[in-house]
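Participant: Quick mapping for you: the protein sequence lines, in order, are chains C and P. Quick note: the first sequence uses my numbering, first residue 5, plus one each step. Quick note: the second sequence uses my numbering, first residue -6, plus one each step.
Just to be clear, a hint being listed does not mean it is correct.
What the hints assert, rightly or not - Straight line, CA to CA, 30 Å or less: simulated DSS-like cross-link-like pairs of lysine-lysine:
#, chain 1, residue 1, chain 2, residue 2
1, P, Lys82, C, Lys104
2, P, Lys19, P, Lys62
3, C, Lys162, C, Lys104
4, P, Lys143, C, Lys27
Honestly, the hints are just simulated from the structure, not real lab data. This one's a predicted model, so the numbers in the text were calculated from it and none came from an experiment.
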Amino acid sequence: MLLAQILAVMIFIAMFVLVVMEKFERQYITLGCGGIMILLVFGAVMRSWSAIWETLNVSSFFTSGFWYTASEGAESTSGINWSTIIFILGMMIMVEGMAKAGFFRWLCLTLAKLVHYKTVPIFITFMLLSSVLAMFIDSITVILFLAAVTVELAKLLKFNPIPMILSEIFCANLGGSATMCGDPPNIIIGTSLGYSFTDFLTNTGLIAAVSLVATVIYFFFVYRKQLASENGAGVDLSAMPSPASAISSKRDFVFSCLIFAAAIVLLATHSATGLTVALIGVVIAVATLAAFWRDALTLLRGVDYKTLLFFVGLFIVVGGLEQTKVLEALAGFIGEISGDNVMLMAAIIIWLSAVTSAFVDNIPFAATMIPVIKILATTQGVDLSTLTWGLAMGTDIGGSATPIGASANVVGTSVASRNGYFIDWKTYCTTAVPATVIVITISMVMIFVRYC
Amino acid sequence: MKKQIIVAIGREFGSGGHYVGQKIAKHFGINYYDRKILEDIAEEKNIQIEYLEKYDEQKRNMLFSRNVKGYTNSIEEIVAEMQFEYLRKKADSGESFVIVGRCADELFRGDERLFAFFVLGDIEDKIQRVSKRHNISKEEAATKIARHDKSRKKYHNRHSEIKWGDSRGYDVCVNSTRLGIDKTAELLEKFIEDRLAWQESEK
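One chain only, chain P, in its complex shape:
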């Protein structure tokens, strides 16, 4: 990949956003970041990864946290900031990558290297996928989806002016149920290639 690209994928829980991201990363031969961010931060700062996972993509507790001159005691926000710093460093190094979640659409907003996508899905499709992946009942899957989406939404909206899933904040919002995971990934790959070609021709 000659030109640097940063592919930020927001996703509903169970929509297959992870797989779409992995496929795009594989297609372009670039790094895919999701849990790996936490692994790298845990190693660098000598922290137990389980601790980071507990606070990953969580919203701060309003009653139990305070902000003083840019310093916060909210571990959720500190973990988020650690990840933002990690992603900024990766971007500054010139590396191309796919990042799932972590408010990356907001972090790199306005940057011409950014390709911001949001993957959603029909609820039945998401329930089926989650129930199969986690080996749980459909009712449990529906509860899990609602819980995770609520948490992601709050986390995103805490760090971003543009709301989670609002089409105005993304280049493409796509329902993965319509085309399936593979075709959705191909659609987005094509979008990236076309936009890169268009950017090149504009110069």
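Just chain C, with the same shape it has in the complex:
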């Protein structure tokens, strides 16, 4: 087993290094490393067909619990988490439809118009909008549209969009932490450990709500002088783009709003209805393709299959660490450091997750840590939910600290820089690091008070 463990760790590290190097597209890296894990570790060293079968996890498709469950059951934490992949695929198709109909741009322009194009109200409403949208939509899409509209308004209203974009990015990551479907780590955590949308909303959602208040106050305080000096006075408001101009087709717009609303209702009630997130993903995908049947092929082509394949490979590699019991050793190490101190264990999980996620992709990290906290809960007798919410907040928020910590950060800073508003590491971290520390501290204190 030692040889298998060494090889599994080496493959895992090689995957991380290759992803950072960007020599190859990341889905090829994870799939390649996943293939090596299966052939070398499971096949040649362990000679275990059961390890391969459990990691590929294909049998889960054919169980009724994968699609419908009377009470929210956990999918196996080992191997490919197909629920996550199918749900994200469904959401991607829905978001493609919404973007095509002009929903996001319409929403941004409507809000800007509602606050009469005043800089400070735009600043605050866009932060709130970013958080609320990111609760249900992937943060990349949220920031892509929000940052583009912010830059457009900045040019027309003659203000510097960088403070606004940085605040929006942070709030998108924060909003994503509030729900099960807001951020990929949460979807993986929820489906792997059997938590529902409501569980997330009443736990990480509450922490995110408190943190959002602190975040809005913080960013307003930090940028107040700059915002006050750029109040958009003397600008011709008739030159502003009309919200209606964003809508490409009224029919498509209405349908995309209805499907989005239905998706929220289905997610919010899934623990009561018994519909799993995988089934909800299929339902919203089919509904979107039916509503946009003329453009169904275009929508399917717009799906980011690369990310889905990246997930497949990643789950195999993490499955390798689990099958070789490397993660048990890591859990044992954390358990040894923290002893019987639940607070210390929760603090280690949240800060370790936050610091790591600030520099590496939080999705592989969360996928790796899920089995670890599960083992810790079993061996140390700690309530699993305490560690789960710590892991979710740590991975979701930690990524906000640096420009490379989360996908939304990369997309937001890129949109700004492409338009000539360069955001370097110093500019980004000066405000984002303190904001991250504030929110992680709030999360830790709330977890201590509520669960420890």
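Using the hints, position chain P against chain C.
Facilitator: Then chain P, alone, in the frame of chain C:
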């Protein structure tokens, strides 16, 4: 110049590639782009030119940048992309021009309007030229050459499958020390004229 041409010149630091490019541009009466690209982009996007210069022809920092769905936070890559877009627009407008560096050989690879050259030079010759131009010692010049060439090479290879200075990626690779700057420029001008004439006769 009737027929549109795009002359892309890769060069070693201190090899005189700039002067060769300027002479070719003057000979054909076409625009010469080097720093002017940055000036134009700075004006269009209201950016300080010093900021663009800092990231011009630099390779991204692997540990401090990430790429998500074609979006990158690397300012080096964004500045490069801004320049590629600028050059594509110029090419699409039908304008003939000489462009030094900026991976233009890769940007227009396969385009029959492209003339791709690489200018190199003997190290002693390059040291002498750099030390005179920047008024620095020979040791400092050698260090400067090594630093700039390393950076250009990394930048080029990040954006191109064919390596910087690899003769397979260029129409002509020429050592400017052998003929001197003026004769090197004339050699390349003659090449352009002959190829244009040959292309015309093939039609």
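Participant: The structure should be examined with respect to each hint, and the outcome stated for every one.
Facilitator: A quick look at each hint next to the structure:
no.	hint	verdict
1	Lys82(P) <-> Lys104(C)	holds, 27 Å
2	Lys19(P) <-> Lys62(P)	violated, 42 Å
3	Lys162(C) <-> Lys104(C)	holds, 29 Å
4	Lys143(P) <-> Lys27(C)	holds, 19 Å
The structure fails hint 2 only (numbered hints given earlier).
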